[in-house]
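This is what each chain is made of:
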Amino acid sequence: MTALASDTRASRQPISFALLAQVILIANSFIMLYPVVVMVLSAFKTTGEIFDHPFALPDFTQVGNFTKVLGETEMPTYFMNSILVTGTSVILILVLGTMAGYAVARYESRTNTFILLFFLAGLMLPLKLAVIPLFILLRDLGLLDSRWSLIVTYTAIGLPSAVFIMAGFLRTLPLELEDAARIDGASEPRIMWSVMLPLARPPMAIAAIQNAVPIWNDFFFPLVFIQTDERKTLPQGLTTFMGEYTTDWGMLFAGLTIAAAPITLLYIVLSRQFIQGMTAGAVK
Amino acid sequence: MLVSHKQAPSLKRQLWVAFLVVPPIAFMSLFVVYPILSAFAYAFYDWQGLARGEFVGLKNFREVLFGATMAPVVWNAFLHNVYALIALMVIQNGGGFVLAWLLYKEPFGFRFHRIAVFVPVVLSTIIVGFLWKLFLNPNFGIVNQALYALGLDSWAKPWLGDSSTALGALILANAWHFIGFPTLVYLAGMQRIPPEIIEAARLDGTNEWQLLKNIVWPLVAPSTTILFTLLFIGAFNWFEIPYVMVGLDGSPFGSTDVLGLVFYRTAFGNQSASIQNFGLGSALATLLFLFIVVFASMLTLWLRRREIQF
Numbered sequence: 001m002t003a004l005a006s007d008t009r010a011s012r013q014p015i016s017f018a019l020l021a022q023v024i025l026i027a028n029s030f031i032m033l034y035p036v037v038v039m040v041l042s043a044f045k046t047t048g049e050i051f052d053h054p055f056a057l058p059d060f061t062q063v064g065n066f067t068k069v070l071g072e073t074e075m076p077t078y079f080m081n082s083i084l085v086t087g088t089s090v091i092l093i094l095v096l097g098t099m100a101g102y103a104v105a106r107y108e109s110r111t112n113t114f115i116l117l118f119f120l121a122g123l124m125l126p127l128k129l130a131v132i133p134l135f136i137l138l139r140d141l142g143l144l145d146s147r148w149s150l151i152v153t154y155t156a157i158g159l160p161s162a163v164f165i166m167a168g169f170l171r172t173l174p175l176e177l178e179d180a181a182r183i184d185g186a187s188e189p190r191i192m193w194s195v196m197l198p199l200a201r202p203p204m205a206i207a208a209i210q211n212a213v214p215i216w217n218d219f220f221f222p223l224v225f226i227q228t229d230e231r232k233t234l235p236q237g238l239t240t241f242m243g244e245y246t247t248d249w250g251m252l253f254a255g256l257t258i259a260a261a262p263i264t265l266l267y268i269v270l271s272r273q274f275i276q277g278m279t280a281g282a283v284k
Numbered sequence: 001m002l003v004s005h006k007q008a009p010s011l012k013r014q015l016w017v018a019f020l021v022v023p024p025i026a027f028m029s030l031f032v033v034y035p036i037l038s039a040f041a042y043a044f045y046d047w048q049g050l051a052r053g054e055f056v057g058l059k060n061f062r063e064v065l066f067g068a069t070m071a072p073v074v075w076n077a078f079l080h081n082v083y084a085l086i087a088l089m090v091i092q093n094g095g096g097f098v099l100a101w102l103l104y105k106e107p108f109g110f111r112f113h114r115i116a117v118f119v120p121v122v123l124s125t126i127i128v129g130f131l132w133k134l135f136l137n138p139n140f141g142i143v144n145q146a147l148y149a150l151g152l153d154s155w156a157k158p159w160l161g162d163s164s165t166a167l168g169a170l171i172l173a174n175a176w177h178f179i180g181f182p183t184l185v186y187l188a189g190m191q192r193i194p195p196e197i198i199e200a201a202r203l204d205g206t207n208e209w210q211l212l213k214n215i216v217w218p219l220v221a222p223s224t225t226i227l228f229t230l231l232f233i234g235a236f237n238w239f240e241i242p243y244v245m246v247g248l249d250g251s252p253f254g255s256t257d258v259l260g261l262v263f264y265r266t267a268f269g270n271q272s273a274s275i276q277n278f279g280l281g282s283a284l285a286t287l288l289f290l291f292i293v294v295f296a297s298m299l300t301l302w303l304r305r306r307e308i309q310f
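Chains as they are written, first to last, in UniProt numbering: chain G, 1 to 284; chain S, 1 to 310.
Think of the hints as simulated: they come from the structure by calculation, not from any bench. Treat the numbers as computed from the prediction; the structure is a model and nothing was measured. Beta carbons are placed, not taken as given, at the ideal position from N, Cα and C, and that holds for glycine. Check each hint, because a few of them may be wrong.
Taking lysine-lysine and the DSBU-like style, the derived pairs with C-alpha atoms no more than 30 Å apart in a straight line are [as the list claims (entries may be wrong)]: (1) Lys105/S to Lys128/G; (2) Lys59/S to Lys68/G; (3) Lys213/S to Lys105/S; (4) Lys128/G to Lys133/S; (5) Lys105/S to Lys133/S.
Cβ-to-Cβ under 7 Å is the rule here; a few derived chain G residues that face chain S [what the hints assert, rightly or not]: (6) Pro133; (7) Thr240; (8) Ala261; (9) Ile263; (10) Leu265; (11) Thr279.
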């Protein structure tokens, strides 16, 4: 009897565990996605509809909130600013990061250790806490309240990790590649540009995503550096927008939906690259 | 003749390497090294607005830590950072570990769940903060609406307006935003464990709890080290979620005030009092920086000792 009881428990346990696992995972995914779904559904509703029927499906042809957000607010301007700032910063990070990473990985030099330690320090120090001197420096350079104030800040924050990602990858490329090109008489810049860099696209993609997502989403630096409405990026512009339409919930949800749409859609298409890029610093 | 780059470098080569290395280093020196070194120096001066006054030694530090007006605010905020850290360690990192373990077994639909758990992570903190602020609205938010619909009227609360629930609501919003990150970092850590180890343990009749406690948890120690260190740094830099959801003053009645908000108010002022004090702000930033560096290093060293090579 006891043997039978323990036997059944032992064989039933994995099934009940599997069931419990399913319940937890489904509940968790529901909690993760449902708020986003409600946000999108509410964007198609009038404020009255949101208050009276918060969980109901909307009339999807009712796109007035969206046209109003895109046509009557500064949201498109914030969008353009975010694209400009994120794009320029990521390009600068990749260019400067590849230069330093290439030098450290492909040329032996006594200064390499120093250079790596220098960037390692940059990786550890939170620049957020140096925002006061950065603010004064940018004012002295005449960059305050301009998009460049954000671009140089983001580049400085992103550069160290890009150097390590690029150096780590470029170091693994075989020496024979360079030597063969050298025998053919190729110059050093030519070797870097035509032989080595075409092979380095995967780490560039990782470094780009790792930096693009936090830059696109950042709020703190624009809050401190940017005053003029026409130069605000999306997260900061969103706070202005939310302040203007506090009582019009349809507009608020439409604004949030439009702000969240590009990165969410990009994530759904490129989820593997996003996950790899955003966890790159924490996964060896 | 074979030309190897291990030979004595020519002048041309040296110039080329310098061309590669100097711009990134110069950029970092100007926009990272110089501001961080200045940040320490600024804390020792008196400031009138944006103009630096005279050298005042440790006066700003004394005011931040022991001054009659500032110290109570700072310590109150510090306590809230500590609460957030402890709660997020359990909810965010602990929850992430459990979810990772469930995903590790690749149950039905795990690909979908893995993508779903990371959706909030890619959203801006500002979007997350506003979304939950609307959901937690006392009259029209879906949280209270759902409670009414379920007949739990007495559970409905003005979540962000009540000092007893506001900080907890911010912590939960933060956990919703970021739980996908520890989940997928732990998952990657578990996938690096040689499958034979887990296989062997199962054959020995180890139960689920013992397997997690004695085998999986110790073997994902490298992931724990980095996740706990990142959370520690994040918890003491906490700013965006409180700023968006409860405002610069950590309302109601400072019950959600955190050091990030205190720093911003001190350095850049707020609507009610537009006095900005760069000296006090720099002193607070310097103290916070030293606190984070010292404790994060200690935490990392302590957690590293648990790591096992395999």
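Sort out whether Lys133/S lies within 30 Å of Lys105/S, counting only the CA atoms. violated, 36 Å
Hold the hint about Ala261/G up to the distance rule: shortest CB distance to chain S must be less than 7 Å. Violated, because the Cβ-Cβ distance from Ala261/G to chain S comes to roughly 10 Å (cut-off 7 Å).
Checking one constraint from the list: CA of Lys128/G to CA of Lys133/S, max 30 Å. Satisfied? holds, 25 Å
Does the structure keep Lys105/S and Lys128/G at a Cα separation of 30 Å or less? violated, 39 Å
Under 7 Å, Cβ to Cβ, is where Ile263/G needs to be relative to chain S, so tell me if that hint holds or is violated. holds, 5 Å
Taking the closest Cβ pair, is Thr279/G under 7 Å from chain S? Cβ of Thr279/G sits 5 Å from chain S, so the hint holds.
Taking the closest Cβ pair, is Leu265/G under 7 Å from chain S? violated, 10 Å
Using the nearest Cβ pair, does Pro133/G come within less than 7 Å of chain S? Cβ of Pro133/G sits 4 Å from chain S, so the hint holds.
Does the alpha-carbon distance linking Lys213/S and Lys105/S stay inside the 30 Å limit? Holds. Lys213/S to Lys105/S sits at ~16 Å (cutoff 30 Å).
Just to be careful: measuring from the Cβ of Thr240/G to every Cβ in chain S, is the smallest value less than 7 Å? violated, 11 Å
For the pair supplied as a hint, Lys59/S and Lys68/G, is the alpha-carbon distance within the 30 Å limit? violated, 53 Å
Taken one by one, the earlier hints fail for this structure at numbers 1, 2, 5, 7, 8 and 10, listed in ascending order.
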